[in-house]
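**Q** Chain residues, written in single-letter form:
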Amino acid sequence: MGGGATAGVTQDDVLAVGRAIHAALPTGRGPRHALDDRAMDFAAADAELRAALFRFVDVVPACHSLDDLARHLTGFLGEVGDRPPAIAAAMRLGATRAGRTALGAASAAGVKHMAHRFIVGASVPDATGVLRELWHRGVASSVDLLGEATVTAQEADRYARRCREALQALADAHRDLPPRPHLEADGLGALPRANLSVKVSALTPLLRPEAPELGQRDAAVRLRDLLRTARELGAHLHIDMESFDSREAIAELVIDLLGEPEFADGPSAGVVLQAYLRDSPELCDRFIGCARDVPRRHPLVVRLVKGAYWDHEVVEARQHGWSVPVFEVKAESDRNFEALARRLLEARAAGVALRPAIASHNLRSVAYAVAVTRALGLSDDDLELQVLRGLGDDLQDALAACGLRVRTYCPVGDLVAGMAYLVRRLLENTSNEGFLSAQHEGTALEELLAAP
Amino acid sequence: MTLPPFANEPVLELRRAPARQGLLDALAELDTTLPLRSPAWIGDDRDDGEALTSTDPSDPSRVVALAPCGGADAAGAAVTSAQQGFRAWSATGAAERAAVLLRAAEGMRRRRPALAALCVREAGKPWAEADADVCEAIDFLEFYARGALALERGRPLFQVTGERNTLSYGPRGVVAVIAPWNFPVAIPTGMVAAALATGNTVVLKPAEQAPGCGFALTAVLREAGVPPDALALVQGQGEAGAALVADPRVATIAFTGSGAVGLEILRSAAQLAPGQTQLKRCVIEMGGKNCIIVDGDADLDDAVPAIVRSAFDYAGQKCSAASRILVHEAIADALIERLAGAVEVLQVGAPGAFGSDVGPVIEREAARRVRRYTAQAAAAGRVVASRDELPAAGWYCPPTVVADVAPGTPVLSEEVFGPLLTVERVGSVDEACDRVDALPFALTGGLFSRNPDTVAHVARRSPVGNLYVNRKITAAMVGRQPFGGNRLSGTGTKAGGPDYLMSFVEPRVVTENTVRHGLVV
Chain A
0 MGGGATAGVT
10 QDDVLAVGRA
20 IHAALPTGRG
30 PRHALDDRAM
40 DFAAADAELR
50 AALFRFVDVV
60 PACHSLDDLA
70 RHLTGFLGEV
80 GDRPPAIAAA
90 MRLGATRAGR
100 TALGAASAAG
110 VKHMAHRFIV
120 GASVPDATGV
130 LRELWHRGVA
140 SSVDLLGEAT
150 VTAQEADRYA
160 RRCREALQAL
170 ADAHRDLPPR
180 PHLEADGLGA
190 LPRANLSVKV
200 SALTPLLRPE
210 APELGQRDAA
220 VRLRDLLRTA
230 RELGAHLHID
240 MESFDSREAI
250 AELVIDLLGE
260 PEFADGPSAG
270 VVLQAYLRDS
280 PELCDRFIGC
290 ARDVPRRHPL
300 VVRLVKGAYW
310 DHEVVEARQH
320 GWSVPVFEVK
330 AESDRNFEAL
340 ARRLLEARAA
350 GVALRPAIAS
360 HNLRSVAYAV
370 AVTRALGLSD
380 DDLELQVLRG
390 LGDDLQDALA
400 ACGLRVRTYC
410 PVGDLVAGMA
420 YLVRRLLENT
430 SNEGFLSAQH
440 EGTALEELLA
450 AP
Chain B
0 MTLPPFANEP
10 VLELRRAPAR
20 QGLLDALAEL
30 DTTLPLRSPA
40 WIGDDRDDGE
50 ALTSTDPSDP
60 SRVVALAPCG
70 GADAAGAAVT
80 SAQQGFRAWS
90 ATGAAERAAV
100 LLRAAEGMRR
110 RRPALAALCV
120 REAGKPWAEA
130 DADVCEAIDF
140 LEFYARGALA
150 LERGRPLFQV
160 TGERNTLSYG
170 PRGVVAVIAP
180 WNFPVAIPTG
190 MVAAALATGN
200 TVVLKPAEQA
210 PGCGFALTAV
220 LREAGVPPDA
230 LALVQGQGEA
240 GAALVADPRV
250 ATIAFTGSGA
260 VGLEILRSAA
270 QLAPGQTQLK
280 RCVIEMGGKN
290 CIIVDGDADL
300 DDAVPAIVRS
310 AFDYAGQKCS
320 AASRILVHEA
330 IADALIERLA
340 GAVEVLQVGA
350 PGAFGSDVGP
360 VIEREAARRV
370 RRYTAQAAAA
380 GRVVASRDEL
390 PAAGWYCPPT
400 VVADVAPGTP
410 VLSEEVFGPL
420 LTVERVGSVD
430 EACDRVDALP
440 FALTGGLFSR
450 NPDTVAHVAR
460 RSPVGNLYVN
470 RKITAAMVGR
480 QPFGGNRLSG
490 TGTKAGGPDY
500 LMSFVEPRVV
510 TENTVRHGLV
520 V
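Chains A and B, in that order, give the protein sequences. Quick note on numbering that gives the first Met the number 0: the first sequence kicks off at 0 and runs consecutively. Quick note on numbering that gives the first Met the number 0: the second sequence kicks off at 0 and runs consecutively.
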């Protein structure tokens, strides 16, 4: 009996769910996918090489020619100490102009190929095929629009306009799809098909850590407008959480806006809870209180994630001499994730109008949430699971095969603008502590499912 | 005496509401005590005059501090006092002096919110920077205390049988510290701490715009145990400063301020006065014309916010502030468009309100100068971002970006010290380096590039004292970015660096014959 054996959920329960999901993971993987995985393993094995590749992927959109691409690539690789033969060969190619052209073309193609794995299309209409195919396979989606950072009012307006257009396009794309009952309703009622995730940092250039009200006020104007559009179209609008610098502004903004009488009738909306934050239990309670006390037609969706800005938070805190706001030991984050999942599900079981959405690629975390759901007497439909496109593809298929509701977070945007996002995802994927890399290394299933 | 390793004083985590509230409370409390009496303080004598007043740059009707306006007499009396104190203070060991400085650091730590609030009111400094100003002062005290301990151990020399060689560093005498208003706590504390740590005595003359801060930091040091005759405070304007510089009993002059005054100090200090027995040493930090080079492969998502902060934080009134952008023509239009948009949303307002990005400049004269340069740039270029509406009271200047200013316009080579930024296109990084090289100043510089070869190349070519790559070019940290300029920006000394104390000491070598009648004793 591990640490997960609390109030009715035993380690055996978690193991049973975990084994069932694991058994449903796709086996015979296509050669293309396997090749990507090998490349990832290769990069993950060497920290210097990984850094060089990230820096390269990051700069690709800013390179103005194949020659320029190759010069950057060899510049980064030149800083790698122990060069595998393939890297040494690339460095030799970089010595001549013709070689650089070839190297630039090959590396650009490689980056583009990788980007396709994570980014479903340049625009929502472009991505419609993928989104519809997911639906047909029993998988819901949430679209995230990639783009450059917002530093001006015009950029905030442009992002808001793209979001409006995306909501419209998503509503259109989902209109004539066949019914998928467990994707469209739970015990609390209907679930919108169209689902868009938005970033507050893109909706205002005025997010200031020391003046949260400023960004809140400015973003509210554009976010209100998006909420109205989503309500008219019957779509779900999910407000992402970002770095700790903007946490207060975003939490206050969303809680305030959803409490406005105008939005009592809709749309369906959601927030994000980051389990790696030490103070996340307090925010969790606020969200639960908000779902309980503010009468809205659509229950509040709370997406529980581990958090994607871990390195940023640690570096920033250390540079300033602040206490680190995130758990520094991964197991603490994982334990908190389970505690928060449990808290959200218990609130739901107690009748709070709240929809927990558990977003993790960690089989243990997912199995735990499913086991708790069942132990609380909730139906599987009362739980949503979420994964990232490109990283959680196998898990997504397994969860769908198990009859669980899974929603895949799908980045949309051109490959150039999406590069920063891509690099972040890659960082997560190749982190040695990450679950996926453990899975690749063939860690025993029981170990993967052990309580954190 | 062994101390824990140096660590920078952490700035307040202003993204948390309680930290912000603490500062607002301190400001409200300060406001109930205004105007502050900020007397001159020579030995045990305090002179409580009112001839000099400092006012709040965001509301000039608010008087912040009242001080006397000392002249040559006050300067002379202060030097006499410091000279009398020199023998005793220089005879204390570095350990004792370090202990005093560490107590002063502790005293400042206890008064952090109050001192930050004073910076807000007296210098018009926005909160984050006011807090950082006080932290930097604490850093200087901690850093130089450790440095003095290390310096006291001297340096090893080559030894042969029969002789003993020792190299040690002793204090030089009375140090005149002439401080600026823009870092009204940090910079005077740093210069004073360096001088005291190494056994010198000090006459401090703060900027006439910031007598309140000057008095406050003197009080902290005195309270920590600096003897009355080891640190004298003179309040006054240029006359007092000039008298200190010319005084034959002053051994070292530590100055941070404008180029014109700096050059005048160097000239005056070189003149031997009757009765003078020592060559004056000058530690001079002057202005800059700081450029940021943006190469074609820069990430504008990072570069634009970093440029905006470098140029407009504290309304551009840092000697490290960016004033020229040299951008590769391939991305110039995109950079200008985004930079203009980012500057248009800057919040211009009172420094005491969280969320103000750009406060006022220090005084009426400064506002006039900035407007003059802004008009000059506008006439010779294209204004891409500015502001029509400004707060009614206070010395506010519109944050302005001017692109494509005609080459040779004086605004491209003279220090403005205000919220004005110019943008020029270049065909290559080397062309940008040539333009930087052509400037007489060499204080700070910036580079945005993601190519390691370009970074190495510019680092080799750039003459500036502090080059920042892919980040903002302000906010140097003690111990991490020793700060100071080359060429006409200064004497090349690096505040907060391992060599800084060397400017306050003189080396002495003692060689002792240890052979007596053929026997090594």
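Please keep in mind that the hints were generated in silico from the structure rather than gathered at the bench. All of these numbers come straight from a predicted model, not from anything done at the bench. Here a beta-carbon is modelled for each residue, glycine too, at the ideal position from N, C-alpha and C. Check the hints yourself; a few may be wrong.
Sample of chain B residues with no beta-carbon within 12 Å of chain A, all distances over it, derived [claimed, not checked]:
| id | residue |
| --- | --- |
| 1 | E95 |
| 2 | A297 |
| 3 | L299 |
| 4 | A341 |
| 5 | R363 |
Below, a sample of chain A positions facing chain B; criterion: calculated Cβ distance under 10 Å [said to hold, decoys possible]:
| id | residue |
| --- | --- |
| 6 | F75 |
| 7 | P204 |
| 8 | P208 |
| 9 | F243 |
| 10 | H319 |
**Q** Taking the hints in turn, state whether each one holds.
**A** Verification of the supplied hints:
The beta carbon of B:E95 sits about 28 Å from the closest Cβ of chain A, which is more than 12 Å, so the claim that it is off the interface holds. Against chain A, the non-interface label of B:A297 is violated: not every CB pair exceeds 12 Å, the least being about 7 Å. The beta carbon of B:L299 sits about 7 Å from the closest Cβ of chain A, which is not more than 12 Å, so the claim that it is off the interface is violated. Listed as a non-interface residue, B:A341 fails to keep its Cβ farther than 12 Å from every Cβ of chain A; the least gap is roughly 4 Å.
Every C-beta of chain A lies more than 12 Å from that of B:R363, the closest at about 28 Å, which supports listing it as non-interface. Of the supplied interface hints, the one on A:F75 holds, with its beta-carbon coming within about 7 Å of a beta-carbon of chain B, less than 10 Å. Restraint check, A:P204 versus chain B: the minimum CB separation of about 5 Å is within 10 Å; hint holds. A least Cβ separation of about 4 Å between A:P208 and chain B falls short of the 10 Å threshold, and the interface hint therefore holds.
Taking 10 Å as the C-beta cut-off, the interface hint given for A:F243 holds, the closest approach to chain B being about 7 Å. Checking A:H319 against chain B: minimum C-beta separation of about 6 Å stays under 10 Å; hint holds.
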